[in-house]
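Here's the letter readout for the chains.
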Amino acid sequence: MMLSKGLKRKREEEEVEEEKEALAVDTWWLDPGHPAVAQAPPAVASSSLFDLSVLKLHHSLRQSEPDLRHLVLVVNTLRRIQASMAPTAALPPVPSPPAAPGVADSLLASSDAALSASMASLLEDLSHIEGLSQAPQPLADEGPPGRPIGGAPPSLGTLDLLGPATSCLLDDGLEGLFEDIDTSMYDSELWAPDSEGLKPVPEDGSGKAEAPELDEAELDYLMDVLVGTQALERPSGPGR
Amino acid sequence: MEEDIDTRKINNSFLRDHSYATEADIISTVEFNHTGELLATGDKGGRVVIFQREQESKNQVHRRGEYNVYSTFQSHEPEFDYLKSLEIEEKINKIRWLPQQNAAYFLLSTNDKTVKLWKVSERDKRPEGYNLKDEEGRLRDPATITTLRVPVLRPMDLMVEATPRRVFANAHTYHINSISVNSDYETYMSADDLRINLWNFEITNQSFNIVDIKPANMEELTEVITAAEFHPHHCNTFVYSSSKGTIRLCDMRASALCDRHTKFFEEPEDPSNRSFFSEIISSISDVKFSHSGRYIMTRDYLTVKVWDLNMESRPIETYQVHDYLRSKLCSLYENDCIFDKFECVWNGSDSVIMTGSYNNFFRMFDRNTKRDVTLEASRENSKPRAILKPRKVCVGGKRRKDEISVDSLDFSKKILHTAWHPSENIIAVAATNNLYIFQDKVN
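Note that the protein sequences, when read in sequence, are chains A and B. Under my numbering, the first residue of the first sequence is numbered 2, with each subsequent residue one higher. Under my numbering, the first residue of the second sequence is numbered 13, with each subsequent residue one higher.
No wet-lab data here; the hints were simulated from the structure. Glycine included, every Cβ here is placed at the ideal spot set by N, Cα and C. A couple of the hints might just be wrong.
Label pairs and their in silico Cβ distance ranges [what the hints assert, rightly or not]:
1) 419(B) with 65(A): 29 to 37 angstroms
2) 65(A) with 352(B): 16 to 24 angstroms
3) 60(A) with 392(B): 28 to 36 angstroms
4) 281(B) with 65(A): 28 to 36 angstroms
5) 65(A) with 154(B): 54 to 62 angstroms
6) 328(B) with 60(A): 47 to 55 angstroms
7) 267(B) with 226(A): 30 to 38 angstroms
8) 228(B) with 60(A): 24 to 32 angstroms
9) 226(A) with 347(B): 32 to 40 angstroms
10) 280(B) with 226(A): 41 to 49 angstroms
Between the sequences and the hints, there should be enough to build the whole structure, so can you do that?
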């Protein structure tokens, strides 16, 4: 399973070695006690785990009030997985013809940045939901906090890995990662008179076939903006 | 774990006394009061049910000390936060008793956002014979009143009433995971994911923030508070645990905001056990001081650890709760079981520790003899008054007759909440929506 006991050899203390070890035994889909797990391509397992973690992250953030502990643990795990996917040493060859290295570099950098930026903004959204933060930060930033993504030019193999992994999750590829980003401010339909988002379930006869445009998280944000709510930190007055 | 383990030292024989089905609602917290006379349970529906131990009678000496329902009340209702458009669950996260100071009992109960102080008192007398009112309470015609009557207290059937005496609200932005009564009996603390507040029992519209780990930038959030508790004797000392497997001990005398710990307990990661899930399984789900105040016990996903307050570098004891799950972490991550929060408890003398597991199993570890036992809380597998049979999980290879293989474990049957009587060998085990009370057999 996840950690095979078959691999017993002296461990070097180097970080890189440890990362490789972690990847090498990451063959959880195999039967328990399966030997020779080092032969299995590590990247495939990480990709499934990566997908799973992204799914969990999305699911967690879709809650009206996310479980912060669950969220933080999933995000930290996702960062670990992402970090382990960055080294390209043992990745399988890519079938599609490689683009120019420069393009690949920038694509990878941007997808990495996009992912980490989306994670960062998802967390930022969380603080909006809690009604405590200031104005939203710009999405583009220097990368995931505490983890460098720049550095060595990555190969195209990794790019393909990140691409399909996310696009198989979401129909619109990387765009889908930004689904949770609140763009209701810029959504002109918000102010349309027949927008369902602002009303409770309409009981009018005119069949509104569309589902409501706004979900709870966007409503929160809207309420915050309209009401100008701040500082629910200090207790004020008697309880409800 | 040996097969023919001698469990006599731990629990000669734990009998199953009763099992109370609490009707649909999942039990979310269990707590004995300081004398062990009362046992409180909170459930997902916001109800609190209190059991009281029967006085021992000479006639039925073998039925000593059964627990019967004493009081039931609705502590919290579901609320809707209109401002944030959020529903606040009524589930009771924790109950903590106050030490008894008069005839009434007091307990704190909390959901995700609001702590309430409840007074539970008995009424066994009723005033009768009002001057101006008849027996049904209607006013009498003044013309018919010719004499003065003073009401007299007459015995009535015992009535136990619970009244909310204080409501401590609007102080937590995040979900409250712990409450702890201070040894000064005047203050208590409530902890959520990012902050800990100190309250005075008499004051409900203010609380004092003593720990705040919320980063200025929420993007930098990597760690949350998972549990907190006051020291049993030193009213200035408390500990809190984190999702990264660390424990911080704080002294409130050092500064008003205890963001800088006095002691920091962390065990270095074992490189041979490292995986993507290392952090998740190191997340501490419960922290408890020993009764003596010398040790703390922490529960993470796979182990229970005992720490000496004087040694921060590593725990003095580590007990494997269900190490056979280590190879299943990915599946447990997939089905979210890896995020389950198990609690742990000390017995009265701090010699035995207990915690729950899956398949309605719970585990006890004797710290002195180093023996451990796995028991099961289920109606199918134990008859009333029968001695509990130790269980064993078979890890690989041949399965013996009474063993259960890892793959047959029911992960939906988890024992997250248990309690141990403060002085006797009586334990309460919550298995989803059933409460089991086990007692040590007396010969």
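Structure-based check of all given hints:
1. For residue 419(B) and residue 65(A), the Cβ-Cβ distance of about 36 angstroms falls inside the hinted range of 29 to 37 angstroms, so the restraint holds.
2. At about 22 angstroms, the beta-carbon gap between residue 65(A) and residue 352(B) stays in the expected band of 16 to 24 angstroms.
3. Distance hint check for residue 60(A) and residue 392(B): the Cβ-Cβ separation is about 34 angstroms, which falls inside the suggested range of 28 to 36 angstroms.
4. For residue 281(B) and residue 65(A), the Cβ-Cβ distance of about 35 angstroms falls inside the hinted range of 28 to 36 angstroms, so the restraint holds.
5. Range check, residue 65(A) to residue 154(B): about 60 angstroms between beta-carbon atoms, so the 54 to 62 angstroms window is met.
6. Separated by about 39 angstroms at the C-beta atoms, residue 328(B) and residue 60(A) break the suggested range of 47 to 55 angstroms.
7. Separated by about 37 angstroms at the C-beta atoms, residue 267(B) and residue 226(A) satisfy the suggested range of 30 to 38 angstroms.
8. Roughly 27 angstroms separates the CB atoms of residue 228(B) and residue 60(A), a value that falls within the hinted 24 to 32 angstroms.
9. At roughly 38 angstroms, the beta-carbon separation of residue 226(A) and residue 347(B) lies within the given 32 to 40 angstroms, and the hint holds.
10. Residue 280(B) and residue 226(A) have their C-beta atoms about 47 angstroms apart, which keeps the hinted 41 to 49 angstroms range intact.
Checked against the numbered hints above, the structure violates only hint 6.
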